[in-house]
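Chemist: Letter by letter, the chains look like this.
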Amino acid sequence: MRGSFSTITKMFSASVVTAGLLTSVPAKAADDTIKVGILHSLSGTMAISETTLKDAMLMLIEEQNAKGGLLGKKLEAVVVDPASNWPLFAEKARELISKDKVAAVFGCWTSVSRKSVLPVFSELDNILFYPVQYEGEESERNVFYTGAAPNQQAIPAVDYLMSEDGGSVKRWVLEGTDYVYPRTTNKILEAYLKAKGVAAEDIMVNYTPFGFSDWQTEVSTIKKFGSAGKKTAVVSTVNGDANVPFYKELGNQGIKAEDIPVMAFSVGEEELAGLDTAPLVGHLAAWNYFQSIDTPENAKFIADWHKFIKNDKRTTNDPMEAHYVGFNMWVKAVEKAGTTDPDKVIDAVVGVSVPNLTGGYSTMMPNHHITKPVLIGEIQADGQFETVSQTPGLVMGDEWSDYLADSKDLISDWRAPLSCGNFNVATGKCGGKGTN
Amino acid sequence: MILIRVIGLTLLLLLGMLSPSNAAEADLRAIVTKFATASNFSAIEAVVHELAATGDTAVERPLGALAEGDLYVRKTDSQVFIGKEGGGSVELLDPLSGEKSGDAAKGEITKIKVNNTLRRAVRDALGTLTLGAKDPAARIAAADTMFKTPDATNIEPLDAAIASETVASVKALLEQARAASVLASDRPEADKLAAIALIGARGDRNALSLLTSVEANSEGAVKDAATAAIANINSTLALWDAGQNIWYGISLGSVLLLAAIGLAITFGVMGVINMAHGEMVMLGAYTTFVVQEVIRNSFPGLFDWSLVIALPLAFLVAALVGLVIERGVIRFLYGRPLETLLATWGVSLILQQAVRTIFGPTNQEVGNPSWMSGSFDIGQLAVTWNRLWILVFALGVFAVLLYVMKRTPWGLQMRAVTANRRMAASMGIRTPWVDALTFALGSGIAGIAGVALSQIDNVSPNLGRGYIIDSFMVVVFGGVGNLWGTLVGAFSLGIVNKFLEPYAGAVLGKIVVLVLIILFIQKRPRGLFALKGRSVEA
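Chains Z and Y, in that order, give the protein sequences. With my numbering, letter number 59 in the first sequence gets 59, and the count goes up by one each step, no holes. With my numbering, letter number 384 in the second sequence gets 384, and the count goes up by one each step, no holes.
Across the chosen pairs, the derived CB separations fall in these ranges: (1) Z:100 with Y:297: 37 to 47 angstroms; (2) Y:191 with Z:164: 28 to 38 angstroms; (3) Z:381 with Y:301: 18 to 28 angstroms; (4) Z:164 with Y:50: 11 to 21 angstroms.
No wet-lab data here; the hints were simulated from the structure. Each residue gets a CB set at the ideal place from its N, CA and C atoms; glycine is no exception.
So that you can see chain Z by itself, here it is in the shape it has in the complex:
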């Protein structure tokens, strides 16, 4: 039964995709354009998050064209729909690179979709810009990670909660959706908390399935765990759709942010747009960008976005900023290299600095991760975040966590002569975890 279901899913999504392709991609292959692939799900479960990124990319490309294009050529977006289907991501990536001959691809959201396209990108030697915060423990030559690594989001968030401003939290609930990102992040956090002297009985880890909607038991367990006489906080890696019922239940059961704050890593302006945020005021999120950031760059970005999408109510969010940064880095690297040839661009991107939307510059590091400020925001009644804490400087993405035993000796440096994504400093050899 299950087998036939998934075949049906594939069949239908494939037909939907072909229909979409026929309309969105112009048939002519012109030599005077540079093609840019956009690999985001426009149907299926992940469409809720990824469609926005597709639109953001189209806007960035349109703006670049208005500025005169790149290397004297116009940019042309090639949009495909992998339909939230992980194997289809690999197929679509192959199609973009082999058939459409794109110069670079911007795309993916979930870690499993990224893992699914990795072999395609290294085999066909092309470039992927990945804009979402993720669990780390990876560094590929063909991938540039413009979202946050755990040390650019999770660790500073926990540090904030432990500080006096954050409420000197002593007891921790690590609540997550059951898949690779929450599990790896929670493993890192657990090791980090224990290193900071938190006892094992003061940490509770719990997982729920994707799209979970009945949070009564979980929320009352959190309430129970929080009544042990120590300041308690929830660190939430709950993903996507499950967040809305989670926050509704928190509000209904009267868990206030002053008593048990919830720090979320996957809740942004977009998720809050589907929610009455009045009962949630004071709950927290850690990101590298908030729509409420008051800089001229951000004001322009938001105005452009509203104009492009023709809707003043649409929010901007962190992965959009990551695409903004990533796209500008790619443009700059292509200009520096004078060609769109992926090999040359991969070498040229490292070291490129572009303005981000929070009033500073982000730089691509040799490990293919970027430098970012880390912001902690509190949810406001209008669905926006108010920044309550910001790291003093930029934080460099650390792909191999220092808190996990099997990755603490690994470093990544894609510059010659090392050119290695998992160099083991203890053994002095390239190749450790992650080599297959």
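With chain Z held as given, fit chain Y onto it using these hints.
Modeler: Only chain Y this time, still in chain Z's reference frame:
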């Protein structure tokens, strides 16, 4: 009544006499203005403490506004105001008197930022100040705050408040707050033991939390008493936990019932494997969203009625779509279950993508009417209003449906067609119309389920996906073709799930339930209540 008014008036007069003179107000104003120069959270917190230390009830207004994030500083002259946002500009109110004192554009003022620590500080400060408030709810809140933040200095004001308190329930809370403060003081051991007894009798999680920290920070008889009280509370709480699991199970069961009951008609009675059932639920939820949007924009006063208005509309929308699906697709496929499955799956994808195109892929906000927000306590059991209403609603829908099926001519025709189509046709029943209307009824019921589910789940094109598997599980487990089976199936699955969840976790719990159902179906292939009769063999 008159007596109360007289007392109220006297109190007001007394308050008037006690209230500060103009000189004191100038002092307060000077302190409030310090918010303008406080550069970080700890500086703002210091100002909060300074305001609270005046003991003047007039500070309630600026402090409350601060906690709400409504306190602003005017950039030109560093004056502090309470701001009410409206349209493009902000209306400025005096922080102490609350009188209107002009408008400002958003760029001319800066908001004083608050974080959780500050909100807590304000709450604690207000706790002591509102102890003498006229409104019993404010006094209860004050007692609650002081219970959670015990401090030796609280004992005296609490003693005074207890002496003048007239409402018995508030008095009990004040005494518990006093006991908590006694435990935080250096009073003699006998006082502390009495306090522990009092708090132990309160018996809720806050008491447990307090006693746990007392146990950790004391020794001798006090520690022993605390340990005993904790053990006592824990054993009562364990009983409440079991009750809570049952309630959560019933609540989950009611959601499952709502989601499955429409399917019990289309799949159970008609035998159509309807994969688009979840999308009917989604259409109902989107109807609620549209109704709420219209109400928000045109008739804001009707918001609390939005769900009542949405119910018939959701039924009609979903029933109409159901009718179109039946007439357009399914009627050509009767007797070919696999093709029906494929076709309805296709229809479900079309509906999803259509909604995605029209409304966008993101979640839509559906608000809870005031009567569905919040919770109330029965003993140590927190019952949320929305869950309770959904339970009532699910049972109501079930009862109506049962009535329609068993007591109306239409229901009779439906059952007749199910039992023996040819016989029914030869009795003059227009079977194709009965089929169409039955399918529309099942779809319509799914639509009104969507109205209820919009209150607890998020309204997105994927809404239906999450319920389709569960719905089939309930119908198959309960027994195909039997409404009572669906009821019993939904509630037993809900309760089993919720009893497993605390021990096995949500993921494993769900797997265990699935395995149990598979084993059960092996033993009883036709579910809990198997339908006997010709239709089963046919």
